[in-house]
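Using full-length UniProt numbering, count along the sequence shown one by one with no gaps and you end on 171.
It should be emphasised that the hints constitute simulated quantities derived from the structure, not laboratory data.
Idealized CB from N, CA, C, for every residue including glycine.
Mixed in with the good hints there might be a few duds.
[As the list claims (entries may be wrong)] Okay, the calculated beta carbon distance ranges per label pair: (1) V107 x Y128: 39 to 49 Å; (2) W34 x K71: 20 to 30 Å; (3) V53 x W79: 27 to 37 Å; (4) R4 x H108: 32 to 42 Å; (5) I8 x G115: 21 to 31 Å; (6) T114 x I15: 16 to 26 Å.
[Claimed, not checked] Here are the simulated DMTMM-like pairs of lysine to aspartate or glutamate, each with C-alpha atoms no more than 25 Å apart in a straight line: (7) K74 x D6; (8) K141 x D39; (9) K141 x D6; (10) K31 x D44; (11) K71 x E124; (12) K141 x E65.
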Amino acid sequence: MNIRFDFIMHWVYAIVWALLGISGFAMVGAKYGWLLNFDYATADYVHRLMAAVFVLITFISIVYEVYRNIKNDKRYLAWSVFGKSGYQLFTFITTLILIITGVLIWVHNGIGMTGMGFALLVHEYVSYLALAGVIWHIYVKCHALIWPKKVDRQSEQKGRGGKADVAKAMD
Numbered sequence: 001m002n003i004r005f006d007f008i009m010h011w012v013y014a015i016v017w018a019l020l021g022i023s024g025f026a027m028v029g030a031k032y033g034w035l036l037n038f039d040y041a042t043a044d045y046v047h048r049l050m051a052a053v054f055v056l057i058t059f060i061s062i063v064y065e066v067y068r069n070i071k072n073d074k075r076y077l078a079w080s081v082f083g084k085s086g087y088q089l090f091t092f093i094t095t096l097i098l099i100i101t102g103v104l105i106w107v108h109n110g111i112g113m114t115g116m117g118f119a120l121l122v123h124e125y126v127s128y129l130a131l132a133g134v135i136w137h138i139y140v141k142c143h144a145l146i147w148p149k150k151v152d153r154q155s156e157q158k159g160r161g162g163k164a165d166v167a168k169a170m171d
């Protein structure tokens, strides 16, 4: 069984990001507190634990991308977390912003109340932007949501226009 590294990292990111999202939004207050039954202490604990894992897997992914660039590996990785364009670049930028503001919030020595408020504001709103990006990503990548094209009998007999062709066109 050959499981690719980029596939594993993609789904580890998805699980960790989901836990960060649920715990983080649960700490926002009464608006989303119901996500964890208004247990803010558990939400904080889960969020900090998953944040440490998030930083670790982000570091591993960056090292992997640097390694690929050094080796001049031009293969397309369908499950790659970070890249040079499109959604992968968006993910990289929002990840860095979330990590920087998260560290400022976690270790808030020396930034004062104004700095802490600004870091919280940026962290929260970038989280909303990242959530919208994840929803968009799932929508675009979900081939089940693609309405099949109507094809005539002749092209269907020749092997064109089937479900596999629609799925290929989306990749």
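Identify every previously stated hint that the structure contradicts and give their numbers, smallest first.
1, 2, 3, 5, 6, 8 and 11
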